[in-house]
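Given next are the chains, with one letter for each unit.
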Amino acid sequence: MPKYDKDKIEEYLGRTLRATDPIVNRVKESIEEYRSLLKEDPIFLFLEDAINNEGIRNFVNVILLGNQLYSEFTIDRAQNGFLCLRLKNNVVSIQMPQRAHLSFDKVTDQSRLHLVFNLLGLDSPVRLTATGENCAHLLDLMKNHILPQMRL
Amino acid sequence: LDRQGRLAYRIFVFGVIGDNMAITQRSSDGTDEDLYPKIPKSIRQYPTWLGKTFGYQIREGRAEYEALASKLYTTFAESPLWSDLSKSLQETHDRYRIKTGYDLFYSIDVPEIKRKPWESFLEKTYRLNFVKHSGDKSYRCPNDCYEIIDDVVRTCFVVKYLDGVDFLVSELKRISDARGIKNRVEIKANDSGYYAYHFYVLNAVDIPAIKGGMQTISAWVEIQVTTQLQEVLRTFLHTIYEKSRISVTPTVIPWQWRYKDDEFFTNCLGHMLHSIEGLIMEVRRRSEDKNAKV
Chain A
27 MPKYDKDKIE EYLGRTLRAT DPIVNRVKES IEEYRSLLKE DPIFLFLEDA
77 INNEGIRNFV NVILLGNQLY SEFTIDRAQN GFLCLRLKNN VVSIQMPQRA
127 HLSFDKVTDQ SRLHLVFNLL GLDSPVRLTA TGENCAHLLD LMKNHILPQM
177 RL
Chain B
13 LDRQGRLAYR IFVFGVIGDN MAITQRSSDG TDEDLYPKIP KSIRQYPTWL
63 GKTFGYQIRE GRAEYEALAS KLYTTFAESP LWSDLSKSLQ ETHDRYRIKT
113 GYDLFYSIDV PEIKRKPWES FLEKTYRLNF VKHSGDKSYR CPNDCYEIID
163 DVVRTCFVVK YLDGVDFLVS ELKRISDARG IKNRVEIKAN DSGYYAYHFY
213 VLNAVDIPAI KGGMQTISAW VEIQVTTQLQ EVLRTFLHTI YEKSRISVTP
263 TVIPWQWRYK DDEFFTNCLG HMLHSIEGLI MEVRRRSEDK NAKV
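These protein sequence lines map, in sequence, to chains A and B. Going by the numbering used here, the first sequence wraps up at 178, each residue one higher than the last. Going by the numbering used here, the second sequence wraps up at 306, each residue one higher than the last.
Keep in mind that the hints were calculated from the coordinates and are not lab data. Since we're looking at a predicted model, the values are computed, not measured. Don't be surprised by glycine CBs; every beta carbon is placed ideally from N, CA and C. Heads up, a few of these hints could be off.
What the hints assert, rightly or not - Derived CB-CB ranges, DEER-like:
1. V122(B) to M176(A): 44 to 50 Å
2. K54(A) to R297(B): 25 to 31 Å
3. I193(B) to M122(A): 46 to 52 Å
4. Q94(A) to S299(B): 29 to 35 Å
Said to hold, decoys possible - Counterexamples of contact, computed for chain A against chain B with all Cβ distances above 10 Å:
5. K54
6. E98
7. V142
Excised from the complex, chain A in its bound form (with noise of 0.2 Å):
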């Protein structure tokens, strides 16, 4: 993971993110509801987390990528947003406004990563961020799957 791999869900939430059950549940929800929608299984997850000031660890959306499409399924229920777009070849740029503690190929758990990229058609920017070791799995996610689909 987040390669996606259905037998690997728990080591990637519960190991590296230190997920709670209740979060866990909720992201199996969207995969079950991604897979209801799609009729496939993604090939990418990613749990988008943040740290707020008081040191709280926050999940917030679930990311699942296709061979050509884009999806974020919000945490909270009450929200309970969802966002799909097409990627292949429609990204416009992309930024990292925040870049703490990490290189292009080593994190830590300092490490704060934050993502910003554009696409075509799309009047606001996809914002992602990760924390620790999750930022290393923010940079999978730019390195393959966003950068390659960058609109020449």
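Following the hints, complete the assembly by docking chain B onto the known chain A.
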């Protein structure tokens, strides 16, 4: 004296007598004898009153209380229930976030468990006997109050939003029920602007009795759940409560009209903050509605 004057005079005389009144009963030889010594005019006279009324010795009483508070503290702090509660904070926070999209806590840190100091305990028994006294003329010895005074050991969780209070208490109840621990909830909303939920769990502890041997006490531990704004205000309120709540003589003018007093300021602030927190919930609701319509 005219009629109004005579009435005022009678009330004044009654008040003076009442302040010095001893409770009496008629003995078999037809003479009156003291059932209780004169009630103490202030908390300073309370230890003497306890000695005369119950033969209660402050030094021994204090030792017994300290033993109880210490044992209750250890029992609760090392209990599987407290361990469960502490471990479940992140999960409870996540459940609330999934449900609402907002943070439950400001901090996931386990709150401090506190013991009620002896002086506060004794003062509370004084208030039970004379300030909040129901008038049934039965007084309680401090060592009979261990199961009544339910905050000998207490802790406090602080949440961000009003609906978080009820949410967290429901989780505390669920976890306590799962452990088979007797519990109860009191929803606090008083005239002084104090708003919180108090969740209580029952603990049985064995302590040495004054009379010798051991005694088993079933005492409640208080888990307060309140909001951040209320928590900030409690710091101010506490000092003012100390002054006002041990007064035996009720003030004739309600605090709502004593606008120059500290009590007026802090009590009003308590109600205002609660009102603002209600408005914040409404802003949240409207924001959710707006998001749903976009």
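Results of checking the hints against the structure:
At roughly 47 Å, the beta-carbon separation of V122(B) and M176(A) lies within the given 44 to 50 Å, and the hint holds. Our hint of 25 to 31 Å for K54(A) and R297(B) holds, since their Cβ atoms are close to 29 Å apart. Distance hint check for I193(B) and M122(A): the Cβ-Cβ separation is about 50 Å, which falls inside the suggested range of 46 to 52 Å. Against the hinted window of 29 to 35 Å, the Cβ-Cβ separation of Q94(A) and S299(B) comes to about 34 Å, which satisfies the hint.
With 10 Å as the threshold on Cβ separation, the claim that K54(A) sits away from chain B holds: the shortest Cβ distance comes to roughly 13 Å. For E98(A), the non-interface assignment is confirmed: its Cβ lies about 14 Å from the closest Cβ of chain B, beyond the 10 Å cut-off. Distance check on V142(A): its Cβ is at least 21 Å (rounded) from any Cβ of chain B, clearing the 10 Å threshold; non-interface status holds.
Of the numbered hints given earlier, the model fails none.
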